[in-house]
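Undergrad: These are the residues of each chain, in order.
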Amino acid sequence: MAKITLVEAINLALAHELAHDPAVVLLGEDIGPNGGVFRSTVGLQERFGEDRVLDTPLAESMIAGLAIGMAAMGLKPVAEIQFSGFIYPTVDQMINHAGRLRTRTRGRLSVPMVLRTPSGAGIHAPEHHSESNEALFAHMPGVRVVTPSSPRRAYGLLLAAIRDPDPVVFFEPTRLYRLHKQEVEDDGEALPLDTCFVLREGRDITLVSWGAMIHETLEAARVLAETGVEAEVIDLATLSPIDYETILESVARTGRLVVVHEAPRTAGLGGEILAEVAERAGYDLAAPPIRVTGYDVVTPLFKLEHEFMPSVNRIVAAARRVLEG
Amino acid sequence: MPSIVAHFDVPLVRCLDAEGRVVGDLPPLASDTETLRTIFRAMLRVRLFDTKAVALQRTGQLGTYASCLGHEALHVGIGSALRPEDAFFPTYREYGTQLWRGVKMSEILLFWGGDERGSAFAEQPHDFPWAVPIGTQTLHASGAALAFRLRHEARVALAIIGDGGTSQGDFYEALNAAGVWSLPAVFVVANNRWAISVPLAKQTAAQTLAQKAIAAGLPGVQVDGNDLLAVRSVLDDAIERARRGHGATLVEALTYRLSDHTTADDARRYRSKEEVDRAWAEEPLVRLRRFLTERGLWTEAEEKRWTERCQEEIEEAVRAYLATGKPSPADMFDYTFATLPVGLAAQRAEALAAVEAAPHG
Ligand SMILES: Cc1ncc(C[n+]2csc(CCOP(=O)(O)OP(=O)(O)O)c2C)c(N)n1
Ligand SMILES: [Mg+2]
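Protein sequence lines, in the order shown, are assigned to chains B and H. Going by my numbering, the first sequence opens with residue 39, and the numbers climb by one from there. Going by my numbering, the second sequence opens with residue 67, and the numbers climb by one from there.
FYI, nobody ran anything at the bench for these hints, they're computed from the structure. Do not rely on the hints blindly, as some may be mistaken.
As the list claims (entries may be wrong) - Computed list of lysine to any residue pairs in SDA-like fashion (alpha-carbon distance at most 20 Å, straight line):
#1 H:K118 with H:E422
#2 B:K341 with H:E422
#3 H:K268 with B:I161
#4 H:K268 with B:V80
#5 B:K341 with H:E369
#6 H:K392 with B:I161
#7 H:K268 with B:K341
Looking at chain B on its own, in the form it has when it is part of the complex (with noise of 0.2 Å):
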């Protein structure tokens, strides 16, 4: 089996919905004969055509907005928002409509549809293509909002939020996108919407993280391993509605927890997993959880990236103070 990317698993998983699954339609900016700005629906026009593959006007209140109709109606629309920094014209219908339709018609309509978006920093972007702006989305009753931080996280969560009935936003991390290989199989395998993933098991201290900051945190274990502190690291990977028993039991039995992630600390989502730890275990904990994130600025354009982003140094820092508190 060969080695594919990220980016080459998304393709994958989104040929193979669209090959066995005729309600499959995917729509977004310059999907088409380009196959993406990143190269993510490269030949997909091709193979499955125009009535399967469509290139839209510019505008992503549009795309979101025809997503739901097309999706209430039986379709299972595949929306391709451009990056991140161009998803906010899509808040309107994403919390007005897309996630309240079920509850709002008891269950009369419903909206399965699928907005990827690349998202995040650290790839000398311009101007608005490195925004993390998740928690926005798991704000949303109704949205489900999913993150891959591997190629075959990426090719089974995609195939899963594609058949999911009900509307999930989907980020991918234009870091990650080409950044490692690995063997996936085209098997159609769904990976379940609602667990997270544990990518390293430990004793010590639990690390808690998603998308392309695992990277960062996978290191940041293994400098702590070097000291002989086994850090458990965990990929959140469904951030709405997150799977809370996962975090709960391991930080039952390490007692210490570290929350990461790129976007910005006020009102993300490391604070909602930090107080509901605090309610449902505070006392399994021997010492105050930490945050690690992006700070609560404009994210600045790419000479300042990396001193906005999450460092090892500073994850590592984060778990040593936790250890010795």
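Following the hints, position chain H with the ligands against chain B.
TA: Relative to chain B, chain H with the ligands alone:
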């Protein structure tokens, strides 16, 4: 038979053809030889700057860059038509306008080099910085025009937007607001036929983009955007109309994106070489050069001298850009609010300490 209750026309204005021959009424500017020469020099200057910026990106000295190749008549036309007190709302490739209005070459390079100081514009007080989210700037222009109206200032707000941008709701909202309040605004659509890989035919079923003005109660005019004289003729009228309080105009300028969308794009994936070759035959510098040369207003020797002067200026700007040190991490925090909140001050200290502890990550 139903009666016709409304009827509309969309004029197309051209002055020079691709060879520089006169094909329409010439505006007064055509006989203002000194200004015309200044404008042509500015068009050459931005072409040379643009070429250098692409080369810098190709050699790893600049981030992704959006070229303005082919848009020089339109961009310099806008720059030269506006007054300094007017306000300009760009997208991301109107260097010809910006350079005319005081933005420095080194600032443009800093922006695309990932440095926010590029938008600080030392010598341009009120123009907006680059708007990368497609369409949003048109509303800012309407808002600025509303401010000018409410304060009885004889100023004009001009926004530019691409053909792709006309698909955004913001664009229609901006036109509508400008119509409702009869705002001193001008909206220019740079119809360069492509929105990255999406051709105009997939963007709209409308016959022209100029007619999108009509539903907002504004006049819409099409102009050959590669014809500097036509661009100025149409813009001078639209700006004058706005300044006199007679309301906004939508100008659709027909041009062509001769470059890739940005340096991160490869247009060969989606458009033919033949199409691009045809567009080169229409490019804006050739026809104005001919027009000037044939009237004895421009010579090859002059062009050579001017090119050398521009190259020196550009090299100087590149040196200034490359010599600009990395911004301080404190900059991320210091312009977030007018005064730094306590909590953010703590994060600022944390960030500086993190950099101190590990200067290289
Ligand atoms: C809201 C938004 N969506 C998507 C993008 C990505 N994008 C950047 S430029 C562009 C095409 C713009 O085409 P057009 O408006 O014709 O302007 P041009 O680049 O041709 O000057 C797209 C889709 C963006 N910048 N903003
Ligand atoms: Mg365009």
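Undergrad: Can you list which hints this structure breaks, lowest number first?
TA: Hints 1, 3, 5, 7 contradicted; others consistent.
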